[in-house]
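Asker: Sequence:
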Amino acid sequence: EKKGYLVKDPSKPRALELTESGLDVLGMQPQQKQIPVLGTVTAGEPILAVQEATDYFPLPPALSHSDQPLFMLQIRGESMINAGILDGDYVVVRKQATADNGDIVIAMTDENEATCKRFFKESD
9 EKKGYLVKDP SKPRALELTE SGLDVLGMQP QQKQIPVLGT VTAGEPILAV
59 QEATDYFPLP PALSHSDQPL FMLQIRGESM INAGILDGDY VVVRKQATAD
109 NGDIVIAMTD ENEATCKRFF KESD
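Following my numbering, the numbering of the sequence shown begins with 9 at its first residue and continues without gaps.
Each statement offered as a hint is correct.
Calculated cross-link-like contacts (lysine-lysine; reagent style DSBU-like; alpha-carbon spacing at most 35 Å):
| hint | residue 1 | residue 2 |
| --- | --- | --- |
| 1 | 20 | 10 |
| 2 | 16 | 41 |
| 3 | 103 | 16 |
| 4 | 20 | 103 |
| 5 | 11 | 41 |
| 6 | 125 | 41 |
| 7 | 103 | 125 |
| 8 | 41 | 103 |
| 9 | 41 | 10 |
| 10 | 129 | 103 |
| 11 | 41 | 20 |
| 12 | 125 | 20 |
Since the hints were made in silico from the structure, they are not lab data. What you are looking at is a predicted structure, and each value in this text was computed from that prediction instead of being measured.
Go ahead and model the full structure; you've got the sequences and the hints to work with.
Answerer: Listed below in structure tokens is the structure:
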């Protein structure tokens, strides 16, 4: 805030916003592409998946090359701590139908619930 990169929002006591100077330092453009935040997913027991944007987040330039649609989810739970994903973290997700062994995925159940897990294919 002292350097002019962040400003406090008086209506949201715990919220900070990046200024144009802050965006410049991060190499981001004020009008750059944004990706939707679609809510929360558990790192543990599955919860009902709701696919409605609750917010939007500027897409970092390093991820702007993706051909597939991207979205973000906030992690709730601690079962992915060993992968460096902590309770409250946001993850960027690319929708795809396949995964390789060891990939971290957001898996959907038949009951339309979602969970964040490491994927391992079971033998037939």
